[in-house]
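Colleague: Sequence:
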Amino acid sequence: MISLPVGDALFNYRVAGVAVLNGKLLLHKTPSDKFWSLPGGRAEIFEFSNDTLAREMQEETGLKVAVGELIWISENFFVYNGTRYHELGFYYLMEIQGLTDQSDFVGAEGQDELLFKWIDVEELKFNRIYPEFVAEELSKSPLEHRHFTSGFIDLDK
1 MISLPVGDAL FNYRVAGVAV LNGKLLLHKT PSDKFWSLPG GRAEIFEFSN DTLAREMQEE
61 TGLKVAVGEL IWISENFFVY NGTRYHELGF YYLMEIQGLT DQSDFVGAEG QDELLFKWID
121 VEELKFNRIY PEFVAEELSK SPLEHRHFTS GFIDLDK
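The sequence shown begins at 1 in full-length UniProt numbering and counts up by one.
Hints in this document: simulated from the structure, not taken from any laboratory. Built from N, CA and C at the ideal position, the CB exists for glycine as well. There are no misleading hints in this set.
Result set (DSSO-like, lysine-lysine): computed pairs, CA atoms no more than 27 angstroms apart in a straight line:
#1 K125 - K140
#2 K140 - K117
#3 K34 - K157
#4 K157 - K29
#5 K64 - K117
#6 K29 - K125
#7 K24 - K117
#8 K24 - K64
#9 K117 - K157
#10 K125 - K24
#11 K64 - K29
#12 K140 - K29
#13 K24 - K140
#14 K157 - K125
#15 K29 - K117
#16 K34 - K140
#17 K24 - K34
#18 K125 - K34
#19 K117 - K34
Estimated spans, in silico, between C-beta atoms of each pair:
#20 E144 - T83: 30 to 36 angstroms
#21 M1 - S32: 17 to 23 angstroms
#22 K34 - Q97: 29 to 35 angstroms
Please construct the entire structure, taking both the sequences and the accompanying hints into account.
Modeller: Okay, structure coming up:
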């Protein structure tokens, strides 16, 4: 996985998916997180970013996804679990193949539990979602291709 320690910080290369169905967005978090984020994960060396998303969704949920177009790139600096991160993120549209319902469900990242939830796009502003641009961008129609940057945010608070 492309996650490199640099001094007292960590560089992270992350790929995530934007799945909107029936006006709801799929989000996930660990049970201890204080925020929701888009599902996905870290790229492996010599892995194309769209393949990363398909692999991560299969590993974490057991679901197959059709990866669509790249819509957002973000450069984020944040603190998570006491560690400073410099994250490069690629965000793709995705469709979950064979989805039969939009109930909340539990997935896994290795031995760790992940909680998945479909949240109404209109309700996103009432939830803590990271990166912060997600809620505002999803209120736009059509979605715009964008590059985002953000300074340090402490996700532990």
